[in-house]
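> Residue numbers (full-length UniProt numbering), protein chains in the order written: chain A, 1 to 257; chain B, 1 to 257; chain C, 1 to 313; chain D, 1 to 313.
I should point out that these hints are in silico values taken from the structure, not numbers from a laboratory.
Among the clues, some could well be false.
Have a look at the derived ranges for each label pair, beta carbon to beta carbon [stated by the list, open to error]:
#1 C:Glu106 - A:Pro235: 49 to 57 Å
#2 B:Thr194 - D:Glu105: 35 to 43 Å
#3 D:Glu281 - A:Glu14: 20 to 28 Å
#4 A:Lys157 - C:Asp200: 53 to 61 Å
Which residues of chain D face chain C? A few of them, derived with a C-beta cut under 7 Å, are [claimed, not checked]:
#5 Asp64
#6 Thr171
#7 Val174
#8 Glu175
#9 Lys178
#10 Ile194
#11 Leu201
#12 Arg226
#13 Asp271
#14 Phe273
#15 Thr277
Note that the structure is predicted; figures quoted are calculated from it, not measured.
All C-beta atoms, glycine included, are put in the ideal place defined by N, C-alpha and C.
Each chain, written out:
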Amino acid sequence: MMQKEFCRIISQTEIAEDIFELSVKGELVSQINAPGQFVHIRVTDRWGPLLRRPISISSFNKATKQLTMIYRKEGQGTALLAKMVPGMELDILGPLGNGFPIEEVSSGETALLVGGGIGVPPLYELSKQLAAKGCNVIHVLGFQTKSTVFYEQEFLKNGETYVATVDGTYAAKGFVTDVVDRLRFDCIFACGPTPMLKALEQHYSDKKMFLSLEERMGCGIGACFACVCKKADDPLGVSYKKVCSDGPVFRAGEVVI
Amino acid sequence: MMQKEFCRIISQTEIAEDIFELSVKGELVSQINAPGQFVHIRVTDRWGPLLRRPISISSFNKATKQLTMIYRKEGQGTALLAKMVPGMELDILGPLGNGFPIEEVSSGETALLVGGGIGVPPLYELSKQLAAKGCNVIHVLGFQTKSTVFYEQEFLKNGETYVATVDGTYAAKGFVTDVVDRLRFDCIFACGPTPMLKALEQHYSDKKMFLSLEERMGCGIGACFACVCKKADDPLGVSYKKVCSDGPVFRAGEVVI
Amino acid sequence: MSRLNVELPGLNLKNPIMPASGCFGFGREYSQFYDLSVLGAIMIKATTVEPRFGNPTPRVAETDAGMLNAIGLQNPGLEKVIAKELPWLSQFDVPIIANVAGSLEEDYVAVASEISKAANVHALELNISCPNVKTGGIAFGTIPEVAKQLTRKVKEVSEVPVYVKLSPNVTNIVEMAKAVEEGGADGLTMINTIVGMRLDLKTGRPILANRTGGLSGPAIKPVAIRMIYEVSQAVSLPIIGMGGVQSAEDVVEYFYAGASAVAVGTANFVDPFVCPTIIEELPPILEKLGFEHISECKGRSWKQHEPFAHYRA
Amino acid sequence: MSRLNVELPGLNLKNPIMPASGCFGFGREYSQFYDLSVLGAIMIKATTVEPRFGNPTPRVAETDAGMLNAIGLQNPGLEKVIAKELPWLSQFDVPIIANVAGSLEEDYVAVASEISKAANVHALELNISCPNVKTGGIAFGTIPEVAKQLTRKVKEVSEVPVYVKLSPNVTNIVEMAKAVEEGGADGLTMINTIVGMRLDLKTGRPILANRTGGLSGPAIKPVAIRMIYEVSQAVSLPIIGMGGVQSAEDVVEYFYAGASAVAVGTANFVDPFVCPTIIEELPPILEKLGFEHISECKGRSWKQHEPFAHYRA
Ligand SMILES: Cc1cc2nc3c(=O)[nH]c(=O)nc-3n(C[C@H](O)[C@H](O)[C@H](O)COP(=O)(O)OP(=O)(O)OC[C@H]3O[C@@H](n4cnc5c(N)ncnc54)[C@H](O)[C@@H]3O)c2cc1C
Ligand SMILES: Cc1cc2nc3c(=O)[nH]c(=O)nc-3n(C[C@H](O)[C@H](O)[C@H](O)COP(=O)(O)OP(=O)(O)OC[C@H]3O[C@@H](n4cnc5c(N)ncnc54)[C@H](O)[C@@H]3O)c2cc1C
Ligand SMILES: Cc1cc2nc3c(=O)[nH]c(=O)nc-3n(C[C@H](O)[C@H](O)[C@H](O)COP(=O)(O)O)c2cc1C
Ligand SMILES: Cc1cc2nc3c(=O)[nH]c(=O)nc-3n(C[C@H](O)[C@H](O)[C@H](O)COP(=O)(O)O)c2cc1C
Ligand code: FES
Ligand code: FES
């Protein structure tokens, strides 16, 4: 069950250029049921900006009631968020949506986790849970440039980790898809820019695959129809899924991306 | 010359119920040339609320470059202001307007200072300056109720001080005008609600009198014509004065209030 | 004793607060947060004869103190609303106002005649003002004669009172209100969104796939207040007001302007509890302002107040 | 090399940023803050034949991300503007756009023919859209034929190009734009304020003495952008855009929509340095976005972009 709660900020750190790691404590952590769910954050108690911001849960701990997010300072909402300090309260709605189905990979099988930019964060909790249940986890993480790379060490603890930067300033030069070609795996979990997800869907249509989508949101809970996508089996029709409440994670081929 | 400056907050104290005393430090203090001038404050770096708030300067010290304001927490702007703490910077435009002409009272003469509610603050610097130059200063200060009375002790240092509360919970019950009737003086300086100013203007039309007016403002500097009042010698015509730049202090009888 | 109950054509409301159409779906999502029976009424998402997918995404864009939406009337269609959504809503003790939309007159008539038969639908809201559909629509909301004609046709078939939802995107809103009054409307709801646009700094292109969208939220409140102020003096229909309502104080301002009830749209996205919060905060605010009942606030911006009331009539 | 110079009928602008009419008086106050010669142009306060006092106070009220004003065209009258204000302004190296207002056609014609003779007046802005005056006015801004006729009359007498300022309070802004184009307008300025109202919680009465006022500020920006987007595709007149501009990014968004220059109104009250700040911040933003000159931004929201440009014409 989702809740609306004022959660206390435990820590906030800039872990790469304009990339912030933010941890909060709240009862709603007990409601999280899968990696890949997200929260909807109100960054001000006034109307500027008006709407909540959707941010993935990058890791959580039910014992300490803490959850961590990693976000990029982009526009006005995340800029305000970045100014907040430990001790302050944050108005959070969540957990929202349906996360990655870890039950789809059995112990001993290999899961490939592909993340691009701020699509990387939700993969972290997924990686931890998959590793804990005995799966082999391979990570391919793409970033724009060296200064925005984050969490490479953290992912390494759970398995092989390949990093690519678009400009080649760190590790391999190019896109994550270039790296993936060389790897063997049973199932893909991916989150990142739409072109990346599309490329994966096309090239590995034979593989079991779960993709986390992004869409501009209003309510975040399924009421406003802002975030719909077409179902793949009815591309010209009226069937749809809502990214916020049916997703953000979908099985590849389920919806049109 | 007015300036726009980020002034550092030195102190902020709630000195009576919802009444705050706020001191800031800035170069613009050197530009203040009379008691009764005001500043125009931007309470946020965003657009909620949009407009600046006009607040009187209640005292200042050119040596320390500090000025003090006293304001009532009213609506959204002053509510935000009340949350600010020492060390923060405040976007201030000022000093604005023309203050009280202390040269109108000679040493030895008696000045009567009449203030109502949040009209009291600008009288404080006036009182200090008049006392310093050897005038007798009598204060009549009106408040709604006991919990909102402030600065009685401060005014007492400069001269006789009578307080009235509308509900009679402190000192005399009634309006300041009731008290004024009993006093003798050469010149009146007043700031407060319009009905109070009107009553004074009517009853003491034989006296030298200076009134500080309030009006909703846009620019605060004379450009937008939001704050005009008619000149008394041309009540149906097009002559006008701007409260922000010609006032806020006017000689009684100069403008229609 | 309640300070909040309100009687309107077809609607016996325990309080005058209701979610606005399109901002509350069919109530399912918000029922996870609170018991929908606390609401005065629920304005459900626009219903069309056939299911509609609506516009491509992105469908929302934020603006200063507001947002643009171009959902495009996505809904599951009349049949499913009647078979699934309305029965589900009937578990709550709350009257439903069904928002009726379409492209052609026949569409409106078809939806109205069917949906008005549902037991928990106590009134219709004729959506002649959606800025986000290409065909039809626009004329219904901007040409008085066309609006009047449509209202008349829908009145003929509806089994419950009909409220017409006015568009603010017109030169003369009073003219529109008078036309639908002549067409037989039982009430008005106003305002729908104002047409607006935002462009992406990086691409230069509109953020919304539909390019334009409807502006809602606090930004439009002063426009809504002005229009309700004008219309409430010109017609004798009750008005359900909306546009940027976020707080109990806003509700009082709408009543002052001339509204008889108030709908809350965008604010639900910001705070899912906004409706019950307003309902809770209204009585103490009325108390503080000296009103025994919310109805005393109505039209205060233009009515002669006590003690001058006896000078009139 | 300047990235900012812009050529418009009658106006050779070093940059496309100018204070909007009514938000800058005749420049005297802001000249205390900076050298007015840095501005692209100055749109001075509306001028009428006779001096006007305007409306009673309160004349302004704040709203969420906006403000209402009902100044009522207060100004010292044609004679004094020509004798005092324009000569004073001539000390600055900046073209003046004179805002012309009135109640009757004759008034506009009288002001236009005189004020257009002043050496530093390089263009007129015909204010057919002030929401705050009772007589006349309204028809000029909302009836295409009337607007066209007025434009024609003013064009006959004006010695400088005439820009017509459009009101957003209409059902169809494109129709209005086309009408004034037919009337011979050299350009458009848009938008003027949207009619709105705020009520006082304690008294229930309108905060503005005039009751209604014009809404300006960030709240109306999406409406202005939408209207400029529509109008710039429908007419071939250059547009000076305005409504809620606060930053260099906003200026770029206005150009994308189809504006050729941008005026800044309400933001001057918030930050007296807003115009020079925007002028300073524009070049680095253009640099970052990859534009060599601001004119490249123009109409990008609807024009085919490079590398597709050669597919057209
Ligand atoms: C399910 C989901 C999970 C996400 N998880 C993360 C995460 O873990 N870390 C992270 O950095 N970002 C994440 N994002 C993207 C994040 O929501 C946007 O970066 C953020 O909303 C931008 O807000 P802003 O105020 O900085 O930008 P602004 O430009 O001021 O935002 C304006 C409006 O556009 C919306 N918007 C802008 N960019 C996006 C976007 N990419 N997706 C959806 N809405 C957008 C905003 O929410 C807001 O309503 C996620 C998005 C979704 C949908
Ligand atoms: C020259 C001058 C000097 C003033 N000095 C003081 C002072 O020393 N101490 C003090 O407490 N107050 C003073 N005021 C009044 C003070 O400006 C208002 O109380 C304040 O602006 C209210 O802002 P808000 O955000 O709390 O209220 P809101 O209701 O949110 O304000 C909404 C809008 O109305 C304007 N407004 C509301 N009340 C007033 C008012 N009484 N006068 C002018 N504008 C108003 C605000 O500035 C704002 O634009 C002075 C006003 C003027 C004109
Ligand atoms: C996302 C969204 C969807 C909407 N859908 C509808 C709709 O289906 N039918 C309708 O009549 N109005 C619709 N509206 C308009 C609202 O009902 C309301 O009139 C408008 O948003 C103003 O109120 P607000 O500012 O409180 O949101 C929609 C508004 C939004 C924001
Ligand atoms: C206080 C005030 C006075 C105005 N006076 C005039 C005027 O005299 N003539 C005119 O054409 N527009 C006038 N306007 C409208 C502005 O020029 C501008 O079109 C509008 O405010 C939108 O821009 P903004 O949001 O940047 O303020 C006035 C606006 C304000 C806020
Ligand atoms: S954001 Fe409202 S339905 Fe998904
Ligand atoms: S507030 Fe603008 S002229 Fe006084």
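> Going back to the hint list, which numbers does this structure go against?
1, 4, 7, 8, 9, 13, 14 and 15
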